[in-house]
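2 protein chains.
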Amino acid sequence: MPQKGKKVRKKQLPEKRRKGAARSGYELKGRIWMDGPQGTFIGYGRAILLERIREHGSITKAAKSMDMSYRQAWRLINTMNEQAPSPFVITSAGGRGGGGTVVTEHGENAINVFWEKYRAFQEFLRHEMRYLDFTKDKS
Amino acid sequence: MPQKGKKVRKKQLPEKRRKGAARSGYELKGRIWMDGPQGTFIGYGRAILLERIREHGSITKAAKSMDMSYRQAWRLINTMNEQAPSPFVITSAGGRGGGGTVVTEHGENAINVFWEKYRAFQEFLRHEMRYLDFTKDKS
DNA sequence: AGGCGTTATTCCTTTTTGTATATTACGCTA
DNA sequence: TAGCGTAATATACAAAAAGGAATAACGCCT
Chain A
1 MPQKGKKVRK KQLPEKRRKG AARSGYELKG RIWMDGPQGT FIGYGRAILL
51 ERIREHGSIT KAAKSMDMSY RQAWRLINTM NEQAPSPFVI TSAGGRGGGG
101 TVVTEHGENA INVFWEKYRA FQEFLRHEMR YLDFTKDKS
Chain B
1 MPQKGKKVRK KQLPEKRRKG AARSGYELKG RIWMDGPQGT FIGYGRAILL
51 ERIREHGSIT KAAKSMDMSY RQAWRLINTM NEQAPSPFVI TSAGGRGGGG
101 TVVTEHGENA INVFWEKYRA FQEFLRHEMR YLDFTKDKS
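Line order of the protein sequences matches chains A and B. Start counting the first sequence at 1; every next residue gets the next number (the working numbering). Start counting the second sequence at 1; every next residue gets the next number (the working numbering).
Not one of these hints is a red herring.
If several chains are the same, the list does not tell them apart, and a pair holds so long as it fits within one copy or across any two.
Below are the EDC-like pairs computed for lysine to aspartate or glutamate, each with C-alpha atoms no more than 20 Å apart in a straight line:
(1) 29 / 123
(2) 29 / 82
(3) 29 / 116
(4) 64 / 51
(5) 61 / 108
(6) 61 / 51
I should point out that these hints are in silico values taken from the structure, not numbers from a laboratory.
Sequences and hints are given; from them, build the entire structure.
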């Protein structure tokens, strides 16, 4: 029997290990993000979350779609929105469908800018990976 | 009265904010590290720790010098040493001076390799930083 | 044999971080 | 006006991570 509702905590932001990576057993890894005046501003998790909000139209559904608690999702969105030069999302409670959340033009732009940096970073890691050898001597 | 012994927990691995950085209030940040078969293998903290061990000759003194608990230092060293292709440090308990820990040739090499990647990464961040603007429109 | 300083290990507490659940406010709709 | 699904917030709970302190083993030294 499948044991539903196991209450296992999800490992946060796995950032999916690339298939076939790390054949040698050693891998150069890393993360990038942007800091605003009060700490983390946008990173991998928030970028994904923004996309899910755009896709589903609400924080609630976005959170569910990525197996994240609403509370966590709301906090991520909130810290991001507070620090943004101008809001990345606009929320509304009540009304047709109960309300919802939409991503603004600036939010879309932030997503694009971040993914751009992110892709460059992945490229950087791949490139640096190539010259990685801990066994060689100084000689 | 200066209130000594306040028991304030140290913020881990501050990686010292560069002076004059982030004039705009927004900053691209990041970390890199290496994964071995069982998780984190070497990163900024372990690299510094290795250098301190080389400098002081023992885990105990190295830990104290960087305001880290022996327990924490030992665990970092242990996870690193276990995953290393060949040991990065050699420890000995008992004997003249009580024992000590020395960094091996392979350990030295690992430090060098990591700092090399680290410097390249810092350069990458600085470079990408230059083209960072969340306010511009798509137009 | 006993002292010493180090490594290695254990136990308990504290801090941090995220989850689960419940409650209120909101504003359209029927 | 009652129902609805959402945002927003508070409280309690759980798990993981880190710290502190205590202790044993070790091997040279006096």
